[in-house]
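So the protein sequences, as listed, match chains H and P.
The first sequence begins at 1 in this note's numbering and counts up one residue at a time.
The second sequence begins at 1 in this note's numbering and counts up one residue at a time.
Do not rely on the hints blindly, as some may be mistaken.
Part of the chain H face toward chain P, derived, beta carbon under 7 Å [to be verified]: (1) Q96; (2) D98; (3) W103; (4) A133; (5) A395.
No more than 27 Å apart at the CA atoms, straight line, and that leaves these computed lysine-lysine pairs for DSSO-like [stated by the list, open to error]: (6) H:K240 with H:K261; (7) P:K12 with P:K225; (8) H:K410 with H:K180; (9) H:K261 with H:K239; (10) P:K315 with H:K140; (11) P:K315 with H:K93; (12) P:K315 with H:K118; (13) H:K93 with H:K118.
To give a feel for the contact side, a few chain P residues facing chain H, derived at Cβ under 10 Å [unchecked claim]: (14) P30; (15) D34; (16) E86; (17) G178.
Source of the hints: derived by calculation from the structure; they are not laboratory data.
Here a beta-carbon is modelled for each residue, glycine too, at the ideal position from N, C-alpha and C.
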Amino acid sequence: MDLKQTGASRLLPRRLAQGAAALSMLAMSVFASSAGAEVNSTGLAVTDTEVIVGQLHSATGTMAISETGSIQAERLAIEQINASGGILGRQIKVIQEDGASDWPTFAEKARKLLERDKVAAVFGCWTSASRKAVLPIFEKENGLLYYPTFYEGLEQSKNVIYTGQEATQQILAGLDWVAKEKGAKTFYLLGSDYIWPRTSMKIARKHIENVLGGQVVGEEYYPLGNTQFGSLTNKIKLKKPDVIFAAVVGGSNVAFYKQLKAAGITSDKQTLLTLSVTEDELLGIGGENMAGFYASMKYFQSLDNPNNSEFVKAFKAKYGNDAVIGDVTQAAYLGPWLWKAAVEKAGSFDVDKVVAASAGLELDTAPEGYVKVHENQHLWSKTRIGQVQANGQFAVVYESDLIEPNPFPKGYQ
Amino acid sequence: MKSFFDKLAGSKQGAIGFLILAALILVVFPLTLDAFRLNMVGKYLTYAFVAVGLVLCWGYGGILSLGQGIFFGLGGYCMAMFLKLEASDPESTRIQSTPGIPDFMDWNQLTELPLFWEPFHSFGFTLLAVVAVPVLLAFIVGLAMFKRRVGDVYFSIVTQAIAAILTILIIGQQGLTGGVNGITDLRTLMGWDIRSHEAKTVLYFVGAFLLLACILIGRFILASKLGRLLMAMRDKEERVRFSGYDVASFKIFVFCVAAAFSGIGGALFTLQVGFMSPSFVGIVPSIEMVIFAAVGGRMSLLGAVYGALLVNYGKTVFSESFPELWLYFMGGLFIAVVMYFPNGLAGLYQSHGRKWLARLGRWRPKARRAEPVAARPAPSSTPEPTSPALETTP
Chain H
1 MDLKQTGASR LLPRRLAQGA AALSMLAMSV FASSAGAEVN STGLAVTDTE
51 VIVGQLHSAT GTMAISETGS IQAERLAIEQ INASGGILGR QIKVIQEDGA
101 SDWPTFAEKA RKLLERDKVA AVFGCWTSAS RKAVLPIFEK ENGLLYYPTF
151 YEGLEQSKNV IYTGQEATQQ ILAGLDWVAK EKGAKTFYLL GSDYIWPRTS
201 MKIARKHIEN VLGGQVVGEE YYPLGNTQFG SLTNKIKLKK PDVIFAAVVG
251 GSNVAFYKQL KAAGITSDKQ TLLTLSVTED ELLGIGGENM AGFYASMKYF
301 QSLDNPNNSE FVKAFKAKYG NDAVIGDVTQ AAYLGPWLWK AAVEKAGSFD
351 VDKVVAASAG LELDTAPEGY VKVHENQHLW SKTRIGQVQA NGQFAVVYES
401 DLIEPNPFPK GYQ
Chain P
1 MKSFFDKLAG SKQGAIGFLI LAALILVVFP LTLDAFRLNM VGKYLTYAFV
51 AVGLVLCWGY GGILSLGQGI FFGLGGYCMA MFLKLEASDP ESTRIQSTPG
101 IPDFMDWNQL TELPLFWEPF HSFGFTLLAV VAVPVLLAFI VGLAMFKRRV
151 GDVYFSIVTQ AIAAILTILI IGQQGLTGGV NGITDLRTLM GWDIRSHEAK
201 TVLYFVGAFL LLACILIGRF ILASKLGRLL MAMRDKEERV RFSGYDVASF
251 KIFVFCVAAA FSGIGGALFT LQVGFMSPSF VGIVPSIEMV IFAAVGGRMS
301 LLGAVYGALL VNYGKTVFSE SFPELWLYFM GGLFIAVVMY FPNGLAGLYQ
351 SHGRKWLARL GRWRPKARRA EPVAARPAPS STPEPTSPAL ETTP
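The shape of chain H in the complex, shown without the other chains (with noise of 0.2 Å):
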């Protein structure tokens, strides 16, 4: 997913919180373990007593306001390594660079973590332009990149673990659902203009006619940030589909479905579905605008079980009460958990080993539950279907099973 934009008054205080755990992080490295040439035999900066990573997402330019929950939300991982003892003995600290929402300091970045500060391993990037920008230097440098945003597929990397969903994970069992408990057989397609909205949709309009026997009515792109959506709604309501499917993005989203809201395009005559609104998003939107149309995503702030509460607990103990987790943040927290993984079944922190290693490795404190990495270096996940709810929460109405990851889907492309 990409470029979107919510309320920003709660940021803030967010970012105050951040230098403090930074300072506290610091504090707390100095316990001392073992060494040796087996852990580290490429040149990573690794000591006896710490190991660095990096960190890269935009902390200032327009993709801010939705990179800051998945900054947070890997600080947070980090911190509690390192409260539990660290990685092989170490304390993981952080060198945080700031990616700026520009695809080329993305790059300049990503560089001089892995050549100057030969990282261990980078948390960051949120779309897909500025993981496009960087992946040719994790290649050369064979880092490792750590990558949370669902996202469209179409791309394998030995340098990435993707802990996001990829599209089929996301479109294919919320397809499925609305076909079979909403009895839908008409779909109008509609997403922002750019490469994620049109890859799920080309996924999605595969998917309905060839396996759900369904019929596409319309299917239409918005450049990103438009704001007119009135033509959009007198099409719906002249072609009357079954479900709108939506994956519109950015400050779209809040005009979008306003908009509908004020042309009576509400949840008791209307099924939606959409891809890209989490919690981040309606925060933005209003619950009460979007009341009762769905969500497909992995994870939902409300999900009942035991490590999510925990999660959640902690993640606002540390960001105030305010805060809200919405899919991303919590794919991010996975990365420094299953890098620890990783790092301690391979006994060594070179990124070859790290890699191999993460293949098959099994989670199970995730806060959306048991994960799983597959040898495509994508996380076997379930998928939710989430009601929006006028507090600006989701209820789950529907969990899959959990569904492999398939980033190149034979027939879908």
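On the provided structure of chain H, position chain P as indicated by the hints.
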């Protein structure tokens, strides 16, 4: 022949300034910086091409273009298209539905290479296009604007609008252009791996020499009669026009030169950084490029290079040390420059540095006639008798 070299070198002081810059980027940086930092300086230098072009068209020609990113981007995209085609051979794209076309086209359900991509299989054509495409667009824009005597702030607004239009066009036509992501994952130039350190160092020197060449071209233009006319036009356009000169043609020319420099810079940027995206085409980067020229001194070709280096170095250093506050530092720097050094670094040197240096070294720089290196006092300060009828511009 002698006068030709005189024009290139400018004054004695100009020659010294040029040699200092040349020594700095050709000798000092390569010897003192490690590969990573040198590569970054190489990237900054590609912005300096734009700044040098801006000194010509803004500082001397009085044409403030807020859309130089357009030309930087066009040059960069031309180069990126060539590199992308080379990276998209049927072998490495065999998992696609249509092997042999760039990956983003495949994602957008294109099944064959669009016609306008075809010529970019040729390196010769690409090199030509890097300069020709920006110049052609600059020519059309210039023709449409200057022939109608659109100038000043209106011209700036139009260039800004074009930058916005081009960005929207590139993002909207993502099947043809790569959209928001841009054209990424560029690997080799005619089989030569541009991602290696050695390649980056070679590209650094190529860029440095081209930049020095551009500065010399700029000096040549300024020292010629054309340069004098440019300044005359900037200060009193009507008078030049009434003297029988075709003002629009000169403006178009200098605008095209600035576009050509930007295009070359963009192409080198693509080679250095390994991708091109619409984020260099839009309004924000275009204004940033004006800031490079402003910080360096908009009347100084050499100052523009220092401005580009300094601002970008500041961005890097501040953002590495203060990832969440650095934008405030940059903002502070710009405000300080505009408020206290309106003529930029070069103006600072002119007003203080020279005296200081003279006292230090006990030599007195001779005041010379043609001196593009250092900023001269603002022309408006020279009192000149003007007839009220000609006073059309405020």
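Hint-by-hint comparison with the structure:
1. Q96: holds, 5 Å
2. D98: Because about 4 Å separates D98 of chain H from the closest Cβ in chain P, which is inside the 7 Å limit, the hint holds.
3. W103: Nearest chain P Cβ about 5 Å off; hint holds.
4. A133: holds, 6 Å
5. A395: violated, 33 Å
6. H:K240 with H:K261: holds, 15 Å
7. P:K12 with P:K225: holds, 20 Å
8. H:K410 with H:K180: holds, 23 Å
9. H:K261 with H:K239: holds, 17 Å
10. P:K315 with H:K140: holds, 25 Å
11. P:K315 with H:K93: Judged against 27 Å, a Cα distance of about 24 Å means the pair holds.
12. P:K315 with H:K118: Judged against 27 Å, a Cα distance of about 22 Å means the pair holds.
13. H:K93 with H:K118: Holds. K93 of chain H to K118 of chain H sits at ~12 Å (cutoff 27 Å).
14. P30: At 17 Å from the nearest chain H Cβ, P30 of chain P fails the 10 Å test, so the hint is violated.
15. D34: Cβ of D34 of chain P sits 8 Å from chain H, so the hint holds.
16. E86: violated, 14 Å
17. G178: This hint holds: G178 of chain P lies near chain H, its Cβ roughly 9 Å from the closest one there, short of 10 Å.
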